Amino acid sequence: MKYIILLLTGLFLGQLSIAQESIINGRVFDTNGMSVDGASVTLAGQPERTVTTDKDGNFAIAANVGDKIIVKIAYVSKTFTLKKSGTSYKLKKYQGDIHFGFQFKTKQEHLTSAVSTVFAKDLERFTVINPANALYGQITGLTVLQKNGPPWNRQPSMRIRGIGTFNSYGYSIFVDGFERKISSYKLEEIESISILKDAASLAMFGQQGANGILLINTKRGEYNTFNVDVKYEDGFNTPFKMPNFLDAYNYALAVNEASVLDGNSPVYSEWDLEDYKNGSKPYFYPNVNWKDEVLKNMGRNTNFVAQFNGGGNRVRYYSMIGYQTEKGLFNYTDVDPRYDSQLKYRRLNLRVNIDAKITKTTTMKANVGANLGERKYPGTDIGNIMSAVYNIPSASFPVKSLHGYWGGTDYYGNNPAAQIGGTGYRQDFFRDIMADVSVKQDLSHLIKGVTIELAASVDNTATFNEGNTKTFEYEVVNVVRDQNTGIITDTISKLYGIESDLTYFNGAIDQWRQAALIVKANYELKWGNSELMSTFMYNQSKEVGKGQYNTWLTQNYFLFSRYNYKKKYFADLVLGASGSSMLIDNKWFGFFPAISGAWIVSEEDFLKDNSTISFLKFRASAGIVGNDKMEHNLMDQKFVGGGSYFYTDNFNSLGGYRPDRMGTKDLTYEKSYKYNFGLDLYLFNKLSVIMDAYYNHRTDILVNTDAVVSDVLGVVPAKENMGIVNNRGIELELMWDDCVGKLSYYVGGSFTYNKNKIIEQNEEYRPYDYLKRTGLPIGQYFGYEVLGFFRDSTDIANSPVQMFSPVRPGDVKYKDQNNDGKIDQFDEVPIGYSSNYPEIYYSIKLGFEISGFGVDLLFQGKAHQTLYLNSESVFWPLRNYKSITDFSDNTWTPETADEATLPRLTLLENPNNYRQNSIWLKDGDYLKLRSLKVHYTFPEKWIKWAGLDETEFFATGMNLFSMDKIKYVDPEFITYGYPTLTTWQFGVKVSF
Amino acid sequence: MKKIINITLLAILLSFESCDFLYYDEVSYLTEEDVFNEFDRTKMFLANIYSQMPSDFMSIGGALRASGTDEAIHVDPFSSIHTFNDGSWSAISTIDDRWYSMYSGIYNVNMFLRDTKDQMWEDIKWNEDYQELMAQFYYYPFEARYLRAYFYFELMKRYGGVPIVTQIMTPEEVNNIERASTEDVVNFIVSECDTLIAHLPVTYKDLPQAETGRVTKGAAMALKARVLLYFASPLHNPENDIQRWVNAAESAKAIIDSGWYSLEVDYANVVNNEFSTELIYEKRAGESNDFESKNFPIGFEGGNTGTCPTQNLVDAYEMANNGLPISDPNSGYDPQNPYAERDPRLNKTVIVNGSTWKGQTMEIWYGGANAEPKPNATKTGYYLKKYVIESINLDPGNTSKKRHTWVYYRLGSVLLDYAEAMNEAYGPEDQGPFGMTALQAVNMIRQRAGMPDFPSGLSQSDFREKYRNERRVELAFEDHRFWDVRRWKIGSETVIKGVKVRKISDGVYLYKRKIVQNRVWDDRMNLFPISQKELFINDKLTQNPGW
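So the protein sequences, as listed, match chains A and B. Count the first sequence with the numbering used here and you get residues 1 to 992, in order. Count the second sequence with the numbering used here and you get residues 1001 to 1547, in order.
In case anyone wonders, no lab produced these hints; they're calculated from the structure. Given the structure is predicted, the values throughout are model-derived calculations rather than measurements. The beta carbon of each residue, even a glycine, is placed where N, CA and C say it ideally should be. Treat the hints with care, since some could be wrong.
[Said to hold, decoys possible] Only pairs whose alpha carbons sit at most 25 Å apart, straight line, appear in this in silico PhoX-like list of lysine-lysine:
#1 A:K742 to A:K933
#2 A:K90 to A:K219
#3 B:K1503 to A:K638
#4 B:K1503 to B:K1514
#5 A:K822 to B:K1379
#6 A:K638 to B:K1379
#7 A:K989 to A:K742
#8 A:K470 to A:K494
#9 A:K105 to A:K448
[Said to hold, decoys possible] Anything over 10 Å on all C-beta distances counts as not near chain A; from chain B, calculated:
#10 M1044
#11 P1077
#12 F1137
#13 P1171
#14 D1194
#15 Y1261
#16 S1293
#17 A1340
#18 A1369
#19 K1379
#20 S1391
#21 R1446
#22 A1449
#23 G1450
#24 W1547
[Said to hold, decoys possible] To give an idea of the chain A side of the interface with chain B (calculated C-beta under 7 Å), a few residues:
#25 H403
#26 G404
#27 I584
#28 W588
#29 Y770
#30 G987
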C-alpha cells in the first residue's frame, strides 16, 4: 500500500519537476544481507525529497540515474550514486530487527534491554555441523568453549554472562519462538542468533529465564526477489594438537627410571633395552606409535546447500536443502571385508518457511524443518578406542602378532586397531521434525489497534540404532630370556578372546517431543508524540524426553507494554506469572516483573546533527527472573533400598528400606534480581561501541542443609532454597568499519568480564578461614601449595608428615598451611581460578575486501580459568602400566633435582604427587585463531553472460592455532578422546 | 460488537488455560505411607535398622578398633585408625564418629514406632497366615526399641551423656537440643531393657519362620548388665557407689542363672559360630572374604596383613602349667622359645612364628616368607587369627567366602562382667546374695581355656589386676579392650612393642623385642570429642572435658 502511495507521489512529483526525471526504485540492505526497513532515502541537497523504505527495504524515488542519494537509518548513513531501477544498495553496517522471544521484535536503536546478536553473514565464517560451533567469540556475553568428540558430539559448553548459580546453569534455546535444540539446525538456514541477558528481555521467560536465553531465527522469504544460492564445499580435518608419546626404547628407559626411584630394581634388562632400540625383533620387542598407527592424517568434510528465497505480495518463501558429511580419522576400518567401520556422519536438512497474507487482515506463517541423518562408528565405543591409543605404551605389543592375530598383552586386551577393525560397527539414525504455525489477525476494523496472534508448534525427534558387533581374538607372546646370556630361549604364546560372529542389535536410544502454544492479544495506541503497544500473552509448553523424570511443563501469563515519546524516550514494562511443573502442586507460579528504559541522547537538539557522535543511547533495566532447573520431586521424602539382614539360620537375607533425604516443604524456584546499564554509541560514522555493565543477585538457590542441621536429626535434612550468589560483569563490543579507496576494512572485537561470588551456600564447618568456599567464585579450585621436591630422606624426616602416601626423594613437598606438623585436608588453599568458566572471554575480528578479494579473521581468547592437568599417560605417566609422553621430559631425578619442574617418575599410584596442587593446576588462558576466510568474488561482467548474479570462491580454515600456557596439548582438550580438529574447506558459492 | 469480540477473545484465552495443566506426577520410589501400609515393607524397614547395628570388622579405615588399642597396630600407614594413636585426634579431626550413624538408627526406630502403632495390617488381613504374621509382628516394636537402646549404648560408650530423642524431631528442635546426663542415658537404656525383658522371647526357634537372628530376652538382659557395668566403672562412678556394682552383678547373674546358654568346650569356637550355645546376641553377616583379604598374612595369596597383634598383648598370656605371668621369674618362660607352654588361647588368637597357618609353617623371621623386608609384612611379628577364617581361599579363580558373625555378648563375657562387678562389690570370694563368687565365675572361664584356676585368697586389688589381664586375654579382638581401658581409666599402653625374629638354623630362632610405635595418650581420650561441626551448629551442646 505504502509502496503504491510512494509510487503515486513519485509520479506526481515527477510530473511537476524536470521532465526527464523518472521513478527509480531500489532496495536497501545491510551487511548482514537483511532488508532495511524504515531507512530514509534523500536526494542529495533536496531534504524535502525524502522517501522511506518499506519493511522489505524497497523504496521508489523520483530522480535521475546518476543522482546522489543519502540513505540513512538510525546512526548509519551512506551516500550512493543512484543506478537504474532494481538496484540494491548495501548499507555498511546495520542490524535490523532484534528478536527477543515469543515473536516480539524491535529495531535495535529502540531496544531498552541487553540483547546481543550475530547474523548469518558472520556465522558463515564457519563450516560446522552444529551451529553452536560457529559462535566462538561471536556474541558478546556468550562464552563458548570447544569440546572434542565425533562429528555429532561436539556441543561446546556455553554460558550466558558467566555463572550465577551453583545448581544448573543450563539455559534454554528457542528457535522461531519455541524451545528446541540448536544441533537440529543447519548453520546456513539460520538468519540470526541472539542471547538475552537482562531482566527486561528475560522476564517473559519467567522460571526458565534466569540463566539467559539463546534465540535463533531461521531465514524468511524476502519480498519481490527470486534468489537461488548454491554452495558446495569440500575439505579436510586434522587433529588440532595431540601429545607425543615416547617410543618403545625411551618408554622402557622411563619405566626403569621410575622403578629405581620407587626403590625397586629396573624392569627391563640391558638386552631388552637394546632390542627395543634396534627394533630387530618387532614381534617380541615392538615399537608401535599407536597415535600414528590408528589415526590418519586427515578426515574429509563436504557440504552442499541450496537456498531458495523469494516471493510476491501474497506469499513469500524461504526454502533450503542441505547435505553435509564428515568422515573420520581412523585406520584399520576395512580389515574385515564384511563392513567398514570408519566414523561417518551424513545428514540432510530441509526447510520451508512460508509467510502468507491470507486476507487483508490475516497473515500466517508456517515453518517446517527436518534434520535426518546417520552416524556410523566402530563396534567399540570411540572413547575406549582413544583411551587405548593414549594409554597403551608403544613397547606393549605389535598391531598384529607373529601368527597374524591381533596383538595384546596379559594386561592390555584392548588393541585399538582391533577395536576399530575387529569389533563390527554401529549406526545411529536420527530424524528430527520441527514444525510451527502462527496466525495473526488484525482486528482494527472492530477495535482500533487490536490484533490477536496464535502460534503453535510440534516437534518430534527420535534416534534409533542398529549394528553388528563382534569380539576378536588376540595373541599374547611372552619372551623367556636367559638371565645370564640374554639369549631368548623360548617364546610362550597364548590366545585370548574369541573371534565371534557378528551379532545384530537394534534399539531406540533417544526421543524427545515438544508441543507449545502461544496466544497474544496486542493493542497499539498512538497519540500526540506518544506510542503505546501492549500485549497480553499466554503460553504453555510441554517437553518430554526419553526415560523417567524427563518431562517439563510450563505455563506463563504476561503483560508486556512498550511506550515511547517522540522515539526518543522509551520505557518497557513486563508483568508476569510463570508456572512450572517442577514445583509443589498448586504452588507452581511465581511473579516476574521487569522495567527498562532508554534515552536516545543523539535525538536531542544539542546532539542532533553532531558529526562526531551520530548516535548515543543509554539503557537501563531491572527485574526478577527465575530458574526452575532442579531435581524432580524434591518435595517428597523418598524411601529407598537400605541394608539387608539375615534373620534365619539358613542365612537368607531380607532386603531393607530406609528413608532418604527429607522433602523440601516450601520448594520454590531460584530468583535472579538482574540490573543492567548499557550504552550504545556510534562515532565518526565508523566506530560502533556497545557497553554493558550488570549485577545479578541470585537468591533461593537450592542447597543442602546437612551443614547447618545437627546430626542428631538422624536423617539427611531437606534441600532448602537458601543459597545466594552475586554475579557481576562488564561487556564491551567495538567495531571500526571504513573504506579507503577501493579497500574496505573492519576491525573490532568484544570483551567480557564475569565474576561471581558465593554469598551463602550453607557451607560445611571449616576450621580455618582459608578453607572457606563461601566468598569465592563458584568452582574455585583448591589444592596444595607445592614447595618443591624432597631432596633426600633427611629432607623428608625434617618436613611435616604428608598423609597421602609414603614419600621418597623426588616426591612433591607441600606447605603446611596451619603449621600442625602434618599435611592433610586442612592444608588446601585456593589456587588459580574457577574450574567451570573463564572470567575473561574476548574476541578480535578483522578483515578487508578489495576488488572482490577479501580476507576475514576471527580470533577468540579466554583468561582466568584454571585447568587441572590430571589425564593419565598425558600428564600422569606410567602409573598402572600406562604410557608416557614428552610432557614428562623434565621430571625429577637425583641429577636434575635443581631444574626439575615435575615430580619423579613412579610406577605406583602415588596419591601424594597426583592430587590437586600447584603443579597440576594451570592457567587455561589461550588466544586461538578460530576462523580464517579468504574469498574472491568474480567481477559481475565476467559472469553476467551465464545468468549468474554472483560467484564466489572461498577457502575457510578453522581452529588454526592457539597461543596458550599449556602449549603441549589443546588447552580446551587436555584429556583423551576423539581429538579436537583443525578444518580446512574450499568451496564455491553461486547466486542466480 | 465490541462485547462479542471481547468475549470471544476471553473465551479463546480461557480455553487454553486448563487449571491443572502443570499437574504432573511421576514417581519411582516409595513414600512413608507406601512403606508402612504394607506388612512386608514394614518388615523390611526393620531389617534395615538391624543392618545399622555396628560390628567391628574393618570398621575404622579398614581396621579393627583393636588397632586403636594396645592389642594391635594396623599395617596400612594411611588408615584413619592411627588418628587414635598419633595425637592428631581432635574435635576437628574426629575418628569413629558415630554421632550421625547412631542417630540415623534412632530416627528410623522412632519412625517405625510411630508408624506401626496400633497397626492391624489391612493388607494381609485375609491371608491364611495372618495370625502367624501378627504373632511375629507383636515383637517388632520391642525389637526396634532394643536396637534404639543399643544405639544409645554405643553413643554413651563414646560420649557419655547425649541428647535423648525418642520421637522424630524437626531441624529446629535438634539444633537446640541439650545433652542428657550419662545417668539419664543409662536409666533410659535400663528402663527400656526392663520392658523388653518382659516382652521379648527367649528364642525364635519355636516361633513361625524361626527367625533366630532377632533380638531376644537374653540380648536385652545382657545389654542391661553391660550398661550397668559401664555405669559402675570408675569413669562414670568416681565416687565408687557400690550399689552400682551390685546392680551390675545382679543383672549379669540373671543371665547366668537363666540356663539358656552354656560355654563352648573349645575357645576357638566362640567367634564366627552363629550356632554356638555360648552366644547371647550376635550380628550376622553374609558370606564374604573381605576380612580375610585384609588380614591374611603376607606370603599367602591375597593376604594384606592388616591387623598386627602387639607384643604387649602376647606378653599378657600366662604360662599354661602354673598360671604365672611371664614376668614372674618362677614362670618358666623361655625368651628364646617364647610361645611354648603358653596359655592355649594365644595360639587361637594370634599367628606366631613357627605356628601353622593354612598347612604352612609360618616364617615370621627377617627374610622369611611371611616377614619383612617384604612390603606390607607385619610390623610386630604377629598376625591376627581370631575372627579370621583360615579355610577361606583367596586364590584368584578359586576364591571362597564364608559367613562372619560379630559377637556382642556371649556367656563367657557375661561371666567376666559378673566377676568384675562381684569383686568390686563384695571382694573375690564373697558370693553376696547371688550365690556365686567372682572367683568362681572367673574360674569357669579359666577351666574352659585350659588354664589353672585363679589362686584363692587374693586381695580385692590383686584379684582386680589378675582379672583385668584375664579379661584382656579372653576377650581379645572382641572390641572390649578399647572401652575397658577407658572405663577403668587406666589408659592405653603407649609403647607398642613387637618382636624381631632372626633365623639361626632350622627351628632355631633369635627373638628380640623391639619398639614399633610410640603412641600419645591423654586422659581426655577416655571420652570422644563431639565433632566441632555439631558444636558449631548447636551452641547448647557442651564439649567433653579436655577437648
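Verification of the hints:
1. A:K742 to A:K933: holds, 20 Å
2. A:K90 to A:K219: holds, 19 Å
3. B:K1503 to A:K638: violated, 62 Å
4. B:K1503 to B:K1514: holds, 16 Å
5. A:K822 to B:K1379: Answer holds: K822 (chain A) to K1379 (chain B) is near 23 Å, not above 25 Å.
6. A:K638 to B:K1379: With a Cα-Cα distance of about 47 Å, the restraint between K638 (chain A) and K1379 (chain B) is violated, given a limit of 25 Å.
7. A:K989 to A:K742: Holds, because 23 Å separates the two Cα atoms, which is no more than 25 Å.
8. A:K470 to A:K494: Given that 25 Å is the threshold and the Cα spacing comes to 20 Å, the pair holds.
9. A:K105 to A:K448: Measuring from Cα to Cα gives roughly 21 Å; hence the hint holds.
10. M1044: violated, 5 Å
11. P1077: violated, 7 Å
12. F1137: Fine: 14 Å to the nearest Cβ keeps F1137 (chain B) off the interface.
13. P1171: Incorrect as stated: the minimum Cβ-Cβ distance to chain A is 4 Å, not above 10 Å.
14. D1194: holds, 25 Å
15. Y1261: holds, 17 Å
16. S1293: Its Cβ never comes within 10 Å of chain A, the nearest being 18 Å, so this holds.
17. A1340: Given a closest Cβ separation of 37 Å, the condition holds.
18. A1369: holds, 19 Å
19. K1379: Non-interface label on K1379 (chain B) holds, nearest chain A Cβ at 14 Å vs cutoff 10 Å.
20. S1391: holds, 17 Å
21. R1446: holds, 32 Å
22. A1449: holds, 28 Å
23. G1450: holds, 30 Å
24. W1547: At roughly 13 Å from the nearest Cβ of chain A, W1547 (chain B) sits farther out than 10 Å, so the non-interface label holds.
25. H403: Check failed: Cβ of H403 (chain A) comes no nearer than 27 Å to chain B, outside 7 Å.
26. G404: Not OK, violated: G404 (chain A) not within 7 Å of chain B, min 30 Å.
27. I584: violated, 11 Å
28. W588: Hint on W588 (chain A): holds, closest Cβ of chain B at ~5 Å, below 7 Å.
29. Y770: This hint is violated: Y770 (chain A) lies away from chain B, its Cβ roughly 14 Å from the closest one there, beyond 7 Å.
30. G987: At 47 Å from the nearest chain B Cβ, G987 (chain A) fails the 7 Å test, so the hint is violated.
Violated hints for the displayed structure, listed by number in ascending order: 3, 6, 10, 11, 13, 25, 26, 27, 29 and 30.
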